[in-house]
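Chain by chain, the residues run as shown.
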Amino acid sequence: MRVCIVGAGEIAKVHIKGVNKIEGAQVVGILDRYYTRGEMLAEMVEEGHGNPIAYVDYEKMLKEQNPDVVHICLPPNLHFSYAEKALQYGAHILVEKPFTVTLKDAERLYEIADSKNLKICPMYNHLFDKAALEVKDLVHSKSIGDVVNVESYYGFNLGGAKSKYNLKGSAHWVYDTPGGHLLNIGPHILSTMLEFTGADNVEFIPMAINRGKAREGMFDEYRVLIKNGENTGSFTLSLNANPYFHFLNIYGTKSSIFYDIANWHFKKQALNPKFPNALARATNNLSVSWKGITSTIGATLQSLTGRLTHFDGMWELMSQFYQSIEQDLPPPVSKEVNLATVRGLETIENVTSIQSV
Amino acid sequence: MKILVTGGTGFLGSVLVDMLVRRGNDDVSVLSASGRSADGAKAIQASITDRDAMHRLIRGFDVVCHLAATVDESLPLNEIYRINVDGTVNVFDACIENGIPKVVYASSVGIYGDLNGLIGNESSPMNAASSYERTKKEVEYLIPAFRQRGLTLINLRPVIVYGPGSPMWHKTVANIISGKPYIGTGQNKWPLVHVDDAADAFLLAIDSDDEINDDFIITGPRAYPYKDIVKAIKNSVNRKLPVPRIPLTILSFLSWVNKVMNSVVGVPYVVTPFKVKRFSRDREFITNKAKEAFGYQPKIDLNEGIQSLVAYHKKYFDK
Numbered sequence: 000m001r002v003c004i005v006g007a008g009e010i011a012k013v014h015i016k017g018v019n020k021i022e023g024a025q026v027v028g029i030l031d032r033y034y035t036r037g038e039m040l041a042e043m044v045e046e047g048h049g050n051p052i053a054y055v056d057y058e059k060m061l062k063e064q065n066p067d068v069v070h071i072c073l074p075p076n077l078h079f080s081y082a083e084k085a086l087q088y089g090a091h092i093l094v095e096k097p098f099t100v101t102l103k104d105a106e107r108l109y110e111i112a113d114s115k116n117l118k119i120c121p122m123y124n125h126l127f128d129k130a131a132l133e134v135k136d137l138v139h140s141k142s143i144g145d146v147v148n149v150e151s152y153y154g155f156n157l158g159g160a161k162s163k164y165n166l167k168g169s170a171h172w173v174y175d176t177p178g179g180h181l182l183n184i185g186p187h188i189l190s191t192m193l194e195f196t197g198a199d200n201v202e203f204i205p206m207a208i209n210r211g212k213a214r215e216g217m218f219d220e221y222r223v224l225i226k227n228g229e230n231t232g233s234f235t236l237s238l239n240a241n242p243y244f245h246f247l248n249i250y251g252t253k254s255s256i257f258y259d260i261a262n263w264h265f266k267k268q269a270l271n272p273k274f275p276n277a278l279a280r281a282t283n284n285l286s287v288s289w290k291g292i293t294s295t296i297g298a299t300l301q302s303l304t305g306r307l308t309h310f311d312g313m314w315e316l317m318s319q320f321y322q323s324i325e326q327d328l329p330p331p332v333s334k335e336v337n338l339a340t341v342r343g344l345e346t347i348e349n350v351t352s353i354q355s356v
Numbered sequence: 000m001k002i003l004v005t006g007g008t009g010f011l012g013s014v015l016v017d018m019l020v021r022r023g024n025d026d027v028s029v030l031s032a033s034g035r036s037a038d039g040a041k042a043i044q045a046s047i048t049d050r051d052a053m054h055r056l057i058r059g060f061d062v063v064c065h066l067a068a069t070v071d072e073s074l075p076l077n078e079i080y081r082i083n084v085d086g087t088v089n090v091f092d093a094c095i096e097n098g099i100p101k102v103v104y105a106s107s108v109g110i111y112g113d114l115n116g117l118i119g120n121e122s123s124p125m126n127a128a129s130s131y132e133r134t135k136k137e138v139e140y141l142i143p144a145f146r147q148r149g150l151t152l153i154n155l156r157p158v159i160v161y162g163p164g165s166p167m168w169h170k171t172v173a174n175i176i177s178g179k180p181y182i183g184t185g186q187n188k189w190p191l192v193h194v195d196d197a198a199d200a201f202l203l204a205i206d207s208d209d210e211i212n213d214d215f216i217i218t219g220p221r222a223y224p225y226k227d228i229v230k231a232i233k234n235s236v237n238r239k240l241p242v243p244r245i246p247l248t249i250l251s252f253l254s255w256v257n258k259v260m261n262s263v264v265g266v267p268y269v270v271t272p273f274k275v276k277r278f279s280r281d282r283e284f285i286t287n288k289a290k291e292a293f294g295y296q297p298k299i300d301l302n303e304g305i306q307s308l309v310a311y312h313k314k315y316f317d318k
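Line by line, the protein sequences give chains A and B. The numbering of the first sequence is numbering that gives the first Met the number 0, which starts it at 0 and goes up by one. The numbering of the second sequence is numbering that gives the first Met the number 0, which starts it at 0 and goes up by one.
Keep in mind the hints are simulated off the structure, nothing from the lab. Any given hint might turn out to be false.
[What the hints assert, rightly or not] List of simulated lysine-lysine pairs, DSBU-like, C-alpha gap at most 30 Å:
#1 B:Lys276 <-> A:Lys12
#2 B:Lys41 <-> A:Lys16
#3 A:Lys253 <-> A:Lys129
#4 A:Lys20 <-> B:Lys170
#5 B:Lys274 <-> A:Lys16
#6 B:Lys276 <-> A:Lys129
#7 A:Lys12 <-> B:Lys274
#8 A:Lys12 <-> B:Lys258
#9 A:Lys20 <-> B:Lys258
#10 A:Lys20 <-> B:Lys1
#11 B:Lys179 <-> A:Lys16
Given the sequences, and given the hints that come with them, work out the whole structure.
Here it is as structure tokens:
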């Protein structure tokens, strides 16, 4: 498959590493507003995975390279126009999060893709981490019964002295895009939650405040309630609380799953038909601790030996997307989850913007 | 002549401005983000990243010397490109729009990166590797289009500029005096030009014939093995100093350990594999193009140049 990468920033490097892992995938073109950044990225393409040319002219690249797949790795306000052009040239598209800024744009892209029998995939990689794949299997196989409620938390102290997520400089798009922080992190939270609450008829009730980490008129704390039929959910996004933590708890009618996304492990709570007595409370704690120890040792060993990396989810999603193209299967992230995620982000931004006025 | 120098408060820029002011027959302006200037020159406060300001302010000059750039590679990549590429495009666009007759631009031999054992000249392949070098290479890609649009642009590519007032060289001398080891055998050649010679090249380019519209490497008298540079520094401080060395292979290994530790547990970088590679580059440029075009001839040899450097910073080194 002929692959073009659009945008040669930091995240594009991870895409190139992903393409390097896919048999038969050839990076043929890299577009950036600067030639030399495209060239820099081209140097990362491994032997057997293409000898890409750097471009600054998008149409020229599409015409000359005729790609099967285009990866859109640009700031969000450019996603729609570049994705639309790729589809019009007959390429499948893999789009970095957030997929688009508006639902209207997202729907338009699916409309074009459907009419041309092309596939679309947003980079919602948290659904494809190794632990997430297991969690999905457990939930979709009804191992925890029916989902009742899903809650998620994603927090870190933006720009704090010890923050891992200090976005260097003011050039990052989150600072200049309305709802930037929500658009940056929200797709991860919402896409994982909607996978389990269902995405067909979902409603969002948001509130937001600014404790000073976001620019005037923007927010750094979000609380959102979610309802989809009988399923409910809620999430917190905090840019003030430390340490970095990201979890997803899925409460079912039979059992519940506590998924620590930040540390790559989850615990399925044992089935307990009655309220716990003293012994059960102690054994529950022991069980949680034991699971924590074994998961930690396993993840540490895998991490040290390079078998577990921060980007595994992205590469798994890419692999599944390429497979879906080759075998004409549904893309790994459904249209429903994607559109509901975009709609959720747009709704939250619209409602909270009105609140701030 | 009415001359504007962007980056006229920097290392090379300040020496150039000083020379222009001292020769006395020019009306010199310095454009800088800080608004600082030099005695005898007018100060214009603006950032080259401000496109509107460039179009407003760069008018009525006979020559624009564009030296403003960042060499700070710890900045985010976007920021380095914004200053060195977008800023330069703003300056060149403004020059075309406002009919500036001549631009003298400070590129760098950094565009060539590693010469892979060959002797470099203006036609050598561009193997820029660091972010700063790549921004300079990006501008080089754009220069033919600016010339096609009518810009007369003398593009000077100095080798490594050294001399009094350079923070990088101050640090280098301080390291050698404090007994820090240098990498490898010291046989690798460094192409150096003294800041006074480099500024002289700009003066000659400013005064050159109007039809010159080309690219020129600005070299010193020759390239020097790094051990000779260390020796010149030792001699100039007039002190017997040990100069320990660290084998290249060991430092390369340590830099990779540092890299792995940084990615796994966040240990901060002390030295990166790229920095080791860059430090141990063996490069030499031989060209007469600037001499033939506008009579440039470097005058300051290594010993004299290092003496001026150490004398300037002596008060720090004596502490």
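Tested hints:
1. B:Lys276 <-> A:Lys12: holds (22 Å)
2. B:Lys41 <-> A:Lys16: The hint is violated at about 51 Å.
3. A:Lys253 <-> A:Lys129: Judged against 30 Å, a Cα distance of about 24 Å means the pair holds.
4. A:Lys20 <-> B:Lys170: Violated - the C-alpha atoms of Lys170 of chain B and Lys20 of chain A are around 43 Å apart, more than 30 Å.
5. B:Lys274 <-> A:Lys16: Holds. Lys274 of chain B to Lys16 of chain A sits at ~23 Å (cutoff 30 Å).
6. B:Lys276 <-> A:Lys129: The given pair, whose Cα atoms are some 37 Å apart, is violated under the 30 Å limit.
7. A:Lys12 <-> B:Lys274: holds (21 Å)
8. A:Lys12 <-> B:Lys258: holds (17 Å)
9. A:Lys20 <-> B:Lys258: Within the cut-off at roughly 22 Å; holds.
10. A:Lys20 <-> B:Lys1: Measuring from Cα to Cα gives roughly 58 Å; hence the hint is violated.
11. B:Lys179 <-> A:Lys16: Given pair Lys179 of chain B, Lys16 of chain A is violated - Cα atoms ~38 Å apart, limit 30 Å.
The earlier numbered hints that this structure contradicts are 2, 4, 6, 10, 11.
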